[in-house]
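2 protein chains.
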Amino acid sequence: MNEKKRIPKSAVSRLSLYLREIQRLEKDGRDRVSSTELGEFTDLTDAQVRKDLSYFGNFGTSGSGYEIATLKASLRKILGKGAMWPIVLVGVGNIGSALLRYPGFKHEGFVIKEAYDVDRNKIGVRYDELVVKDVADINKNEKGKAAKIAIIAVPEKAAQDVADILVKSNVKCILNFAPVVLKVPEGVTVRNIDLSTELENFSFLLSFSK
Amino acid sequence: MNEKKRIPKSAVSRLSLYLREIQRLEKDGRDRVSSTELGEFTDLTDAQVRKDLSYFGNFGTSGSGYEIATLKASLRKILGKGAMWPIVLVGVGNIGSALLRYPGFKHEGFVIKEAYDVDRNKIGVRYDELVVKDVADINKNEKGKAAKIAIIAVPEKAAQDVADILVKSNVKCILNFAPVVLKVPEGVTVRNIDLSTELENFSFLLSFSK
Chain X
1 MNEKKRIPKS
11 AVSRLSLYLR
21 EIQRLEKDGR
31 DRVSSTELGE
41 FTDLTDAQVR
51 KDLSYFGNFG
61 TSGSGYEIAT
71 LKASLRKILG
81 KGAMWPIVLV
91 GVGNIGSALL
101 RYPGFKHEGF
111 VIKEAYDVDR
121 NKIGVRYDEL
131 VVKDVADINK
141 NEKGKAAKIA
151 IIAVPEKAAQ
161 DVADILVKSN
171 VKCILNFAPV
181 VLKVPEGVTV
191 RNIDLSTELE
201 NFSFLLSFSK
Chain U
1 MNEKKRIPKS
11 AVSRLSLYLR
21 EIQRLEKDGR
31 DRVSSTELGE
41 FTDLTDAQVR
51 KDLSYFGNFG
61 TSGSGYEIAT
71 LKASLRKILG
81 KGAMWPIVLV
91 GVGNIGSALL
101 RYPGFKHEGF
111 VIKEAYDVDR
121 NKIGVRYDEL
131 VVKDVADINK
141 NEKGKAAKIA
151 IIAVPEKAAQ
161 DVADILVKSN
171 VKCILNFAPV
181 VLKVPEGVTV
191 RNIDLSTELE
201 NFSFLLSFSK
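Top to bottom, those sequences are chains X and U. When you line the first sequence up against my numbering, it's residues 1 to 210, in that order. When you line the second sequence up against my numbering, it's residues 1 to 210, in that order.
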């Protein structure tokens, strides 16, 4: 556990990129890759690549790069790939329903197993094997207690209440699309996808450079 | 321009959060806010709030906090709010069509003015005043040359080609939903929304803490 704390969060995100690139190279029939090459793909220095990987073990032999099969297996293990991670989705609006229809998650080992909404018109709607349920029933659902990852795609005003319910139902990781800073207890991780903030970064850049 | 370079990117994202919070406070009838309070809302220290705001001017009087009307006007100006920013969207799949239907952007000053796809079944589809066009026509479109912000929501394999076309049509800021690191020339900013990487951060955390 102490080891985990010393690993910078951003390094974990970069591991995902490295894994993606070496899987692409493997498909092309390659069996080795250098840190320089991984850096080129991901727009990072080779020193950064080596440093990121060094947090998790000694994968390379100096001068000859990394063996793709070994590195892939290690990165997959580190990132918890191979397992199927159930996800609870709350909010089946524009974004939520797009996520339900997105086939890519399953391929990556993430499956939305339950979806909830407060809207009578959405409750009962079927997406493949999944039927949207009433948000009031989150804690009643036994299966809900197994999911440790949740996605919040509800309007701003409802987001904190939903987060509180999810935390009670033992969710440990929340991907939050609502434009609000959620308060959660220690031990619960929130990552925000905030489209307005991203776009405001752009309008800032474009205003300043005019 | 030099001044812009010294401002950390992350500070700009935080300005968006501060602006959102003070607009909320204003609606509640408040006229002043302290850095401590802004920090509590956004889970940052008061020193961090003061430092972020200091990049852009001297907004506060020691001890009495910030006047909400003044701070709001300044933050809105810094973030390029008030203007209406046209956006080009490429890729009208699950995510792209959700973005087209999302009413929040317009409220924030961002309007998807054009949408393109390669799929014959999607070209010609209408979303309010907007009709999806053939991606081959991006550069033919005069209006397209006015948009400096683009959203890429195409599959991984097509993303770099689309980015190249957009850069040629004078786009300076790209919000990229494709799981790939785009190569763009200097002067073009890319921000990535990578849902799989976000979820892999979670599976990493949950695997390591088991």
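Worth flagging that the hints you see were computed from the coordinates, not collected in a lab. Just to be clear, a hint being listed does not mean it is correct.
[As the list claims (entries may be wrong)] When the alpha-carbon atoms are kept at most 30 Å apart in a straight line, the in silico DSSO-like pairs for lysine-lysine are as follows:
#: 1; chain 1: U; residue 1: K77; chain 2: U; residue 2: K9
#: 2; chain 1: U; residue 1: K27; chain 2: X; residue 2: K106
#: 3; chain 1: U; residue 1: K27; chain 2: X; residue 2: K157
#: 4; chain 1: U; residue 1: K72; chain 2: X; residue 2: K77
#: 5; chain 1: U; residue 1: K183; chain 2: X; residue 2: K157
#: 6; chain 1: U; residue 1: K113; chain 2: U; residue 2: K183
To see whether the hints hold, each was checked on the structure:
1. K77(U) to K9(U): 17 Å, holds
2. K27(U) to K106(X): 42 Å, violated
3. K27(U) to K157(X): 14 Å, holds
4. K72(U) to K77(X): 47 Å, violated
5. K183(U) to K157(X): 38 Å, violated
6. K113(U) to K183(U): 25 Å, holds
The structure does not agree with the numbered hints 2, 4 and 5 stated previously, though it agrees with the rest.
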